[in-house]
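K.L.:
For reference, the chains in residue letters:
4 protein chains.
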Amino acid sequence: MNSNTFTNKNLLVILEENLRLAKEIDPQQMKVLVQEIKAAKRIFVMAAGRSGLALKMAAMRFMHLGYTVFVVGETNTPAILEGDLLILASGSGTTSSVVSSAEKAIKQKATVIALTADAESTLAKMANTTIHINAATKTDFGNSVSQQYAGGLFEQFTLFILEGVFMNLWQESGLTKEDLWPKHANLE
Amino acid sequence: MNSNTFTNKNLLVILEENLRLAKEIDPQQMKVLVQEIKAAKRIFVMAAGRSGLALKMAAMRFMHLGYTVFVVGETNTPAILEGDLLILASGSGTTSSVVSSAEKAIKQKATVIALTADAESTLAKMANTTIHINAATKTDFGNSVSQQYAGGLFEQFTLFILEGVFMNLWQESGLTKEDLWPKHANLE
Amino acid sequence: MNSNTFTNKNLLVILEENLRLAKEIDPQQMKVLVQEIKAAKRIFVMAAGRSGLALKMAAMRFMHLGYTVFVVGETNTPAILEGDLLILASGSGTTSSVVSSAEKAIKQKATVIALTADAESTLAKMANTTIHINAATKTDFGNSVSQQYAGGLFEQFTLFILEGVFMNLWQESGLTKEDLWPKHANLE
Amino acid sequence: MNSNTFTNKNLLVILEENLRLAKEIDPQQMKVLVQEIKAAKRIFVMAAGRSGLALKMAAMRFMHLGYTVFVVGETNTPAILEGDLLILASGSGTTSSVVSSAEKAIKQKATVIALTADAESTLAKMANTTIHINAATKTDFGNSVSQQYAGGLFEQFTLFILEGVFMNLWQESGLTKEDLWPKHANLE
Numbered sequence: 001m002n003s004n005t006f007t008n009k010n011l012l013v014i015l016e017e018n019l020r021l022a023k024e025i026d027p028q029q030m031k032v033l034v035q036e037i038k039a040a041k042r043i044f045v046m047a048a049g050r051s052g053l054a055l056k057m058a059a060m061r062f063m064h065l066g067y068t069v070f071v072v073g074e075t076n077t078p079a080i081l082e083g084d085l086l087i088l089a090s091g092s093g094t095t096s097s098v099v100s101s102a103e104k105a106i107k108q109k110a111t112v113i114a115l116t117a118d119a120e121s122t123l124a125k126m127a128n129t130t131i132h133i134n135a136a137t138k139t140d141f142g143n144s145v146s147q148q149y150a151g152g153l154f155e156q157f158t159l160f161i162l163e164g165v166f167m168n169l170w171q172e173s174g175l176t177k178e179d180l181w182p183k184h185a186n187l188e
Numbered sequence: 001m002n003s004n005t006f007t008n009k010n011l012l013v014i015l016e017e018n019l020r021l022a023k024e025i026d027p028q029q030m031k032v033l034v035q036e037i038k039a040a041k042r043i044f045v046m047a048a049g050r051s052g053l054a055l056k057m058a059a060m061r062f063m064h065l066g067y068t069v070f071v072v073g074e075t076n077t078p079a080i081l082e083g084d085l086l087i088l089a090s091g092s093g094t095t096s097s098v099v100s101s102a103e104k105a106i107k108q109k110a111t112v113i114a115l116t117a118d119a120e121s122t123l124a125k126m127a128n129t130t131i132h133i134n135a136a137t138k139t140d141f142g143n144s145v146s147q148q149y150a151g152g153l154f155e156q157f158t159l160f161i162l163e164g165v166f167m168n169l170w171q172e173s174g175l176t177k178e179d180l181w182p183k184h185a186n187l188e
Numbered sequence: 001m002n003s004n005t006f007t008n009k010n011l012l013v014i015l016e017e018n019l020r021l022a023k024e025i026d027p028q029q030m031k032v033l034v035q036e037i038k039a040a041k042r043i044f045v046m047a048a049g050r051s052g053l054a055l056k057m058a059a060m061r062f063m064h065l066g067y068t069v070f071v072v073g074e075t076n077t078p079a080i081l082e083g084d085l086l087i088l089a090s091g092s093g094t095t096s097s098v099v100s101s102a103e104k105a106i107k108q109k110a111t112v113i114a115l116t117a118d119a120e121s122t123l124a125k126m127a128n129t130t131i132h133i134n135a136a137t138k139t140d141f142g143n144s145v146s147q148q149y150a151g152g153l154f155e156q157f158t159l160f161i162l163e164g165v166f167m168n169l170w171q172e173s174g175l176t177k178e179d180l181w182p183k184h185a186n187l188e
Numbered sequence: 001m002n003s004n005t006f007t008n009k010n011l012l013v014i015l016e017e018n019l020r021l022a023k024e025i026d027p028q029q030m031k032v033l034v035q036e037i038k039a040a041k042r043i044f045v046m047a048a049g050r051s052g053l054a055l056k057m058a059a060m061r062f063m064h065l066g067y068t069v070f071v072v073g074e075t076n077t078p079a080i081l082e083g084d085l086l087i088l089a090s091g092s093g094t095t096s097s098v099v100s101s102a103e104k105a106i107k108q109k110a111t112v113i114a115l116t117a118d119a120e121s122t123l124a125k126m127a128n129t130t131i132h133i134n135a136a137t138k139t140d141f142g143n144s145v146s147q148q149y150a151g152g153l154f155e156q157f158t159l160f161i162l163e164g165v166f167m168n169l170w171q172e173s174g175l176t177k178e179d180l181w182p183k184h185a186n187l188e
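Chains as they are written, first to last, in our numbering: chain A, 1 to 188; chain B, 1 to 188; chain C, 1 to 188; chain D, 1 to 188.
Rather than coming from a laboratory, the hints here were simulated on the basis of the structure.
Glycine is no exception: its CB is placed at the ideal position from the N, C-alpha and C atoms.
There's no promise every hint is true.
Cβ-Cβ distance ranges computed for the label pairs, FRET-style [stated by the list, open to error]:
{"hint": "1", "chain 1": "C", "residue 1": "A39", "chain 2": "D", "residue 2": "T68", "range": "49 to 55 Å"}
{"hint": "2", "chain 1": "D", "residue 1": "K125", "chain 2": "A", "residue 2": "E172", "range": "45 to 51 Å"}
{"hint": "3", "chain 1": "D", "residue 1": "P27", "chain 2": "C", "residue 2": "K125", "range": "53 to 59 Å"}
Computed list of chain B residues with no C-beta within reach of chain A, every gap over 10 Å [unchecked claim]:
{"hint": "4", "residue": "E16"}
{"hint": "5", "residue": "K104"}
{"hint": "6", "residue": "M126"}
{"hint": "7", "residue": "G142"}
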């Protein structure tokens, strides 16, 4: 790295790849997410690795808005039951722990929404609703879809689509920033 | 280690140290825990390191019994408010994140119960109720109280006292094993 | 609960159940754990729910002693490879995420040690070494093995056996309490 | 919500706010991050809530690239020492657990980099290097900086700037996507 030439070029590439996906997305897909979240008794989220962290970021926001949310694997997460919603994310749509959770949730008659980069994957076929994100999967080692490493774009856009969904839910709720504030964790 | 002489001696030492504490404990201290848990709107737990993991084990059980529990730092943890209970554990009673949580909870008029090995510590003095566990603190490098390393005995007994509290709560509840089973996480 | 009759009886029952297991255990089983931990390049641990928390408590201690440890699902956990050790725990020996991890680790030629209450379970049959803990499984709703709820005794004893293993490793190491102290997390 | 008018407008607002920050950022700030990461013996990350999750996403990527990373609060995190780097994020720059970690790290002579939306905050003043993100803080209830809720933009851009930093580190490393792949967690 030549210190004179350090630029924010990569940062712009990343943002522009996400902006492209935002322009391409069918708003109907976001609408389904909004509707299922509003209809659910309780919302569960689950994914491995960075996708899992993106879902946790979204889940925390849904809690701020007053929804009952649980992250699979955290301490206070109870059994999922009929009437609950499970939001899953897997770029490849084949992550075994994610597919296994989908199976178990379907058996309980919970609703399953899957975010995936592969609309033909095992996960996509099992889910009640699939949100297809047109990003590279982790094992797509080419550059045609994204210049980023591995599933980076998928994981980023998983976060963004849920941030967009939150913003819609928030606007609909009519709640102000001040209204939501008292929910924020206050022991850290 | 001579392979011929490998014994379960250390395991017995560990169990006997815990059994000694179990015999010494004032049942009144466990009773307060039982009463505060039953009286609380919601139960929050928080500790650093291994003490934190022991509290998570207990919190999961309280959830199985139907209580609303949150672990500070997990995704769905909201703000603590008046009427809530915060259970803290710190061998030394000086862990800064734990002391800081106690301060914030008290400011919110939540009830604070502290488990500590030092009944004269900052934490002990702040808490509404202190459960004193007569184990070595992490920085007690002697052997008089425990042959175990660092805060080992404190962390183990923090778990045990809460397991005992759970068993009391469960028996009082009149619920059977089958009654509780449907709460167990079913997506793992 | 009659306030006059509150006793530490349940606490004693819990400790005595664990003490019974400690007396019954074949020291050879602990010896294998000690030897595999010493032989491993890196140590991975994985279990669901409370068993997972017990393994985390042990893993933190092994780190204090200088071992390289990773918890499956945490942020910095890399791929497991040949020469690594995976310690799993499942009372029933059938938890799907645990069985799935065992399969993947075996495929990588890592060594798998399973702690389980069912020596005939899927997990027990897959593992290189099985540590059989004679406690009730979660779905054993009887009282003959343990008066405790569900897998309580299994989860407690999973912690204890590893505490015993740690104490052996520590004594063999010749390190003092002061030697280990500098490894303890200092940012909490 | 009128189903006929559901659009991706909010998603575009979110992306455009981030793109604005990406254009504004001084590349020199990213360069410092790149240099400190390369110079550090080990990298520690720590933040509360959603900022913490964003840092975990970045930390996982740095691990893929071969860096030794630890998340404060996770099981295998040892003490921070001189020569280590601590990356912190706090929109307000006043989160008590984050400020407390900064203090402790500085005492150990570790290097501290703070990402914050308030360049005049306690945290900003303590850190060796401050990356100023021109986003609203959580308690800025106005709309002038961001139309999003609370610290949303700050948390998103904390992720993005680190994704950009990763992309720079990766390109410099000369490693291919295939080279990094074997580091990815393989037990989930």
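K.L.:
Confirm or reject each hint.
P.N.:
Comparing the hints with the structure gives:
no. : hint                        : result
1   : C:A39 x D:T68: 49 to 55 Å   : violated (23 Å)
2   : D:K125 x A:E172: 45 to 51 Å : violated (40 Å)
3   : D:P27 x C:K125: 53 to 59 Å  : holds (57 Å)
4   : E16                         : holds (30 Å)
5   : K104                        : violated (5 Å)
6   : M126                        : holds (14 Å)
7   : G142                        : holds (34 Å)
Going through the hint list in order, the structure does not satisfy hints 1, 2 and 5.
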